[in-house]
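Chemist: Read off the chains here:
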Amino acid sequence: MTAKSRGNLPPLSLHVPEPKFRPGDVVDYSHIQIPPAGAQARPDEQCTASDTHPLCLDLVRVLGEDHRAVGPWDPKLDAETLRRMLRTMALTRAFDDRMYRGQRQGKTSFYMKCTGEEATSVAPAMALAADDMVFPSYRQQGILISRGYPLVEMINQIYSNRADKLKGRQLPIMYSARDYGFFTISGNLATQYPQAVGWAMASAIKGDTRIAATWIGEGSTAEGDFHSAMTFAAVYNAPVIFNVVNNQWAISSFSGFAGAERATFAARAIGYGIAGIRVDGNDPLAVYAATEWAANRARSNAGPTLIEHFTYRAEGHSTSDDPAQYRSAQEREEWPLGDPINRLKQHLIALGEWSEEQQAAMDRELVDQVKSATKEAEKNGILGHGLHHPFHTMFEDVFEELPWNLKEQSEQAIRERRIKWPEWKDA
Amino acid sequence: MTYEESPVSLSEAPTRRLNMIEAINDALDIMMERDPNVVVMGEDVGYFGGVFRATAGLQKKHGKTRVFDTPISECGIIGVAVGMGAYGLRPVPEIQFADYIYPGLDQLVSEAARLRYRSAGEFIAPMTVRSPFGGGIFGGQTHSQSPEAMFTHVAGLKTVVPSNPHDAKGLLIAAIEDNDPVIFFEPKRIYNGPFNGYYDKPVEPWSRHADSVVPEGYYSIPLGKARIVRPGNAFTVLAYGTMVHVAAAVCAEKGVDAEIIDLRTLVPLDIETVEKSVEKTGKCLIVHEATRTSGFGAELSALVQERCFYHLEAPIERVTGFDTPYPHSLEWAYFPGPVRIGEAIDRLTKA
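Chains H and L, in that order, are what the protein sequence lines are. Residues 1 to 427 (our numbering) are what the first sequence spells out, left to right. Residues 1 to 351 (our numbering) are what the second sequence spells out, left to right.
To be clear, the hints were calculated from the coordinates, so they are not data collected in a lab. One or more hints might be untrue.
[Claimed, not checked] Here are the simulated EDC-like cross-link-like pairs (lysine to aspartate or glutamate), alpha carbons at most 20 Å apart as the crow flies:
| hint | chain 1 | residue 1 | chain 2 | residue 2 |
| --- | --- | --- | --- | --- |
| 1 | H | 206 | L | 69 |
| 2 | H | 165 | L | 279 |
| 3 | H | 407 | L | 275 |
| 4 | L | 276 | L | 257 |
| 5 | H | 407 | L | 299 |
| 6 | H | 206 | L | 306 |
| 7 | L | 276 | H | 408 |
| 8 | H | 407 | L | 272 |
| 9 | H | 375 | H | 208 |
| 10 | H | 206 | L | 33 |
| 11 | L | 225 | H | 401 |
| 12 | L | 225 | L | 299 |
| 13 | H | 407 | L | 69 |
| 14 | H | 206 | L | 29 |
| 15 | H | 206 | L | 26 |
| 16 | H | 76 | H | 292 |
| 17 | L | 64 | H | 208 |
| 18 | L | 60 | L | 44 |
| 19 | H | 407 | L | 29 |
| 20 | L | 225 | H | 208 |
| 21 | L | 225 | H | 408 |
Values in this document were obtained by computation on a predicted structure and should not be read as measured data.
Produce the entire structure from the sequences given, and follow the hints as far as they go.
Modeler: Here you go:
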């Protein structure tokens, strides 16, 4: 194909974004603007949305280089709460490590770690009320762990075994836990965003006091659902918190393919006229404070808030991904905002409320806790080893009642099973 | 409770004559009164009452937090309805024309339809998506489509198509009460009268048709039960929506003793009534307005062939729209009208 020239106009050119570093490149993070901790103003929770808009381009930080909490966003949590936060984040990491190995050992098909992003789920979960409804994406296992959902149940789901409450129908990590205010996770991206708005609108219609919060990766903000959700939330002033976890990578595409070269993700809030905050996602105190601010705002009918968590995906997208193929190994090592668990640990140590020895002991204890939960879950089976739900459950829950065609197909499945395994008795 | 089981027999219940729009409005009003969790939303449905006026007066009566306009975002409308359903409401979103449903398709197909399944019953999406559908009003290719087969293909969705005011009210009430997501397609060509296929003749208004006699108050018609419009022995006609009336008119004109079945719900399908009828008549004519290839008629034809083959005395006939988009100026050439149906009837009669 040849380009048609019109007079002396220069040919147009297409911009295809390219990340700054590829495998083997030396990483230089000097382009990332990191303002000092404590320097960001904290507007009143009832302020107009536009009062927050400078925060959409800034970065709310609480923990300084000296590991002290400073500035108006310091949530002033007591040491006990901070230790609980640290423990939950460390447990999330220990759980991820074990499940990752489980996948490599063939106990399940798939797993997704949230290493480096623990603060973006654990801290918000702690700042929300226990009965607020969360509409997570697939990397918020920290919320379930924060809310005390049994690890054994999580592993049953990951192993799709006979004790899996979701009857082996969902991909591993796509949990659902209604009693814990945790909405069923979808594999189709961004669909949870308008759903969270709908739930929040329903809560407002009924005069309830509960709010909704939802999570999305920065890559999925390109989906239409994100923009529909923002429009609806703005129009009806829905009591909802939109979290965008900007971990820099959507599988192998960097955030530039979601528009990050032009604007921050928090700045999406400006166009919709809602409140927005860009927060250091590796600073658990800043994340907690931002969620607390947004939750208070939503609960007092002051409207929705978009929070961008500026963080880094330290591991691959999933067990099916190899980040060494598309990004520099140095990226993780040199991420300028550090590791959220380490930062919180150092903060507690600086407060005189924790020590390296306590940390090491806690880590050992958490490894044991996860190990024993895994053993417990394995008694119910692992993926592909026969201990799964009976065949007829495949036909349940398509509709509330079984229609004639599913009855017929269910009978066929049972017939087939009798032929394949003649020794099988249980119908 | 269904109208067959109603403590007041329908002949005793006070009745009114309504057109389809009035019957739908009445059903919404009754359900909003009975259940505070029913909310109505969609483009223009609030103050104005919708482009077809199906929601007229509801906002005034039930308040604007229960009946409200939405942004022009079908993805948002359906997605928000999923979240509302998960909360415990029973949203009745309106998609202004079935042709506009596609931006909301993912929320319907991947989310609403599968919520119960993927959460093993923890979350449900008890919503009824109302949408005017079908052609015959010179709506061009973007206001005339019949996309029902897209939804009947999806596990977890129910698809309903009423053909008269009486059924529209009872089926809509049942759909709103149903705990599964329901797509409720309203054949807009027959909102005002039972169109017989003769586009160059005036439509008889519902006020002169027996099916416009609608009992007052609450009654429901169960999803999954077809209606025998007219018993007969020559052949079985399977139709729904507008085409029930067109097929009936052609059969009457030709003086054939056809058994005409109005399916009313496509999923769940009343296979028993279909089977019984075809076994009796031995011949089957399927009529729908949607494009032919992979249309719902293909499914009906396959079912009849699988289940009634040894009773069949002629090939199953399918009369449908053509495999083209709905052409604005050539609408009546596209529409499966009396000529196309008449030819099929002649083939069946001679067979």
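Chemist: Now tell me if each hint is right for this structure.
Modeler: Structure-based check of each hint:
1. Only pairs whose Cα atoms come within 20 Å are accepted, and residue 206 of chain H paired with residue 69 of chain L is accepted, the gap being roughly 18 Å.
2. Our distance criterion of 20 Å between C-alpha atoms is broken by residue 165 of chain H and residue 279 of chain L, whose separation comes to about 44 Å.
3. This hinted pair checks out: residue 407 of chain H and residue 275 of chain L have alpha carbons roughly 17 Å apart, not beyond 20 Å.
4. For the hint pairing residue 276 of chain L with residue 257 of chain L, the CA-to-CA distance comes to about 16 Å; that is within 20 Å, so the pair holds.
5. Pair hint residue 407 of chain H plus residue 299 of chain L holds up; C-alpha atoms about 18 Å apart against a cutoff of 20 Å.
6. With a C-alpha separation of about 50 Å, the suggested pair residue 206 of chain H and residue 306 of chain L falls outside the 20 Å cut-off, and the hint is violated.
7. The suggested pairing of residue 276 of chain L with residue 408 of chain H holds, with an alpha-carbon distance near 18 Å, which does not exceed 20 Å.
8. Our distance criterion of 20 Å between C-alpha atoms is met by residue 407 of chain H and residue 272 of chain L, whose separation comes to about 14 Å.
9. For a cut-off of 20 Å, the pair hint linking residue 375 of chain H to residue 208 of chain H is broken: about 41 Å separates their Cα positions.
10. Taking the CA atoms of residue 206 of chain H and residue 33 of chain L, the gap is about 15 Å. The hint holds against a cut of 20 Å.
11. Between residue 225 of chain L and residue 401 of chain H the alpha-carbon distance is near 15 Å, which keeps this suggested pair within the 20 Å criterion.
12. For the suggested pair residue 225 of chain L and residue 299 of chain L, the alpha carbons sit about 17 Å apart, so the restraint of at most 20 Å is met.
13. A C-alpha spacing of about 41 Å is found between residue 407 of chain H and residue 69 of chain L, which places the hinted pair above 20 Å, so the restraint is violated.
14. Of the pairs offered as hints, the one joining residue 206 of chain H and residue 29 of chain L holds, with about 19 Å between alpha carbons and a cut-off of 20 Å not exceeded.
15. The hinted pair formed by residue 206 of chain H and residue 26 of chain L fails the criterion: a straight-line CA distance of about 24 Å is larger than 20 Å.
16. Taken as a hint, the residue 76 of chain H and residue 292 of chain H pair is honoured in the structure, with Cα atoms around 12 Å apart against an allowance of 20 Å.
17. With a C-alpha separation of about 17 Å, the suggested pair residue 64 of chain L and residue 208 of chain H falls inside the 20 Å cut-off, and the hint holds.
18. A C-alpha spacing of about 14 Å is found between residue 60 of chain L and residue 44 of chain L, which places the hinted pair at or below 20 Å, so the restraint holds.
19. A C-alpha spacing of about 36 Å is found between residue 407 of chain H and residue 29 of chain L, which places the hinted pair above 20 Å, so the restraint is violated.
20. For a cut-off of 20 Å, the pair hint linking residue 225 of chain L to residue 208 of chain H is broken: about 39 Å separates their Cα positions.
21. Among the hinted pairs, residue 225 of chain L with residue 408 of chain H is consistent with the structure: their alpha-carbon atoms are about 18 Å apart, no more than 20 Å.
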